[in-house]
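**Student:** Residue-level listing of the chains:
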Amino acid sequence: MVGSVPLVWVLTLAAGLFCIGLFGALSRRNIVGMLMGIELMLNSVNINLVAFWRYLQPTGTAGLIFAIFTIAVAAAEVAVGLAMVIAIYRARLTINADEIDTLKG
Amino acid sequence: METFLFITTAIVAVGAALAMVLSSNAVHSALFLILNFCSVAILYFLLRAPFLGAVQVTVYAGAIMVLFLFVIMLLGAENAELGEEKIGWQKPAGLILGVALLAEIGYVAYRGTKLIDAPVADATNIGAPTTISAKLFSTYLLPFEVISILLLIAVVGTVVLTRRRVVAREERQS
Amino acid sequence: MNDLTFVTPEINWTVLGMPAFLMIWAMLVLIVDMFTSDRRVLITLSLIGLGVTAALGALDYGSTVSGFSDMLVFDKFGVLVNWILLAGTALTLLIAFDYMPRQNLNQGEFYPLVLFATSGMLFLVQATDLVTIFIGVETLSIALYVLTGFAVPQFKSGEAAIKYLLLGGFAAGFLVYGIALIYGMTGKTNLAQIATELSTWQSTGKALDDPILLAGVGFVLIALGFKVSMFPFHAWTPDVYEGAPTPVTAYMSVATKGAAFAAMLRFLNVAFPALKPEWQLLFGLFAAATMVYGNIVAVAQSNLKRMLAYSSIAHAGYMLLGVLAASEKGISAFTVYLLAYTLTNLGAFAVLIALENRGMPVFELKDLRGLGKRSPLLALAMTVFMFSLAGVPPTAGFASKFGIFRAAWDANLDYLAIIGVITSVVSAFFYLRVIVTMWMRDAEATEPQPTYATASLSLGVLVAVIGIVAVGIAPNIFTDLAKALVLTVAQ
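Those protein sequence lines, which keep their order, are chains A, B and C. Under my numbering, the first residue of the first sequence carries the number 1, and numbering increases by one thereafter. Under my numbering, the first residue of the second sequence carries the number 1, and numbering increases by one thereafter. Under my numbering, the first residue of the third sequence carries the number 1, and numbering increases by one thereafter.
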């Protein structure tokens, strides 16, 4: 691919995906949707890292390894974020349940 | 051939990302995002990073997105929204920011001189799992270990956040 | 090619000591927490861990070692900032000790999570590679997201946590993007190697203001600006500070800032001294905007927690001056400022905690009325803290602000120093208003609110007051300690 596709194309693709993710993260009202937007952002940055590694630094490994670390961090962030969604959702349920109790009493 | 593959993958990736952002149903969004992640994985294979491609499929498309789908279906999480006060400015702000950034990056990418006369690299086996693991356990041992702490924090945090407060209830009753 | 052979890594315990010990200790506390729910055991263990970590720094203080392929460094600056962070953490635990059960937040995981966050900060302070900077930032952030949401059945806490997490994820995206661009242009992730690479560019006549490189530096600074709540990226601060449990707010407002600023200092001074005019100009504008915005909006706040949030934005602006001065003087002024700000802000939040009842999370300024009569000692402590935040002479706030402004002036950032002085005068208005309300206004004719000045909290407040007065009266001791802090450029 290195010979036939210019680096700029790959970088532009990554930038485009990053911007779509940015737009998604800002425009969605749904928390899960916003988290997905952030995932897309982190993922597109990885394309940058790998492309830079492949085209400009093919004898090192820094870009590749960094991409792996990014994936791990993204996974951790999503896990915590989704746990929060569940917790908030549950808190709302409890509030509703309390209201019902009050009405009965 | 590779040019053709790249263009096809890129179109699928951008299309899936757009569909993900624009679709109103969270489940559809998640499925489009999986499609996007898989096409990015193909891109990694094209860039001779097979290990990363495999990780992309298993971790991103496999684990993370399954988690997303699980939560969405568990909660019907279309309802999990932030407070109402934020809708007014957020959408246009997101659009403006996104477009401005894209324009800037596009400009930057074409003006950056270093990129155009980039040296052409030979295919090596650097992206193979053996090389990566050798690096990961030598040069990058420290960040690798700290990442494990980070994952531990995430696990503890998840448990703390989602545990039902049994203790609190008992206290209240007594 | 050497890349393919496996090199057994050399483990340098001097370099790794502080963060690694605290990480291991946090795991230990986590395990102990499974067997006992006695929080006295947990806090004692945690404080011991913090103490030992600080001692590890003292062991080799003064030497400069870097290890792990130069990803982490042990130097005077790092150890000093780490000590301040450890002291801040210890104070946080003291003031949180009785607050958490009072608010029905009994979970013992609080202590290990705070320790984990602190260990991430220590790691970040010592980081000299973009990889370790990224991982340090994320480690502390993820622990803080959880701590913010610690009171999660309360809606506000959950909302604050998710807001913080989303914006933090956003910042992470920018951070990695910036790092990717810098890596792409220079081929390096190590800060010192980036500087070497740039100097070869200079000697071969290659233009340094490559747009991609500048964009990369800008993105990294935006991400760090998020963490320190610098002006255009501060939007999350008031909501998150208001919604988080008060001790966590106190902790975030000092420790996160300290660690992120330290990383910013290293990033700018070690890797990009060649671009100094560019970032001094751009971030000078941001610093000015931060000082003006934080102080002016703080005037309009009637909620104390929000007022302190805006005041912390303003103080981020002052600390940014020390970072931008980019001189030996600036770095030591920053360190002294961080110490003064840590003690003062934690103390101020401690007084709020002493007044915070269960189910009464809103702090209006009028709740402080008559505090001078109800509990004169607390009111006296709060007076000291407010004087110090405003920068009135006999306190630490004055000495440290003076140092910062002088460093900025000497570094030819005179316009920033002037803006700093003017905004400090503005800020005196709302800090003094708190003092006036406490002493001069009588409480409304309702039943007296109880105060919760428990033993541990009083100890924390006392330590903070003593520290502030000590730094204020004899600033020389601390400035001497922080003198000649040159950031290490790894060989």
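FYI, nobody ran anything at the bench for these hints, they're computed from the structure. Among the hints, erroneous ones may be present.
As the list claims (entries may be wrong) - Below, a sample of chain B positions facing chain A; criterion: calculated Cβ distance under 8 Å:
(1) Leu31
(2) Tyr44
(3) Val59
(4) Gly62
(5) Ser133
(6) Ala154
Even glycine gets a Cβ: it sits at the ideal position worked out from N, Cα and C.
**Student:** Which of the listed hints are broken here?
**Tutor:** 1, 4, 5
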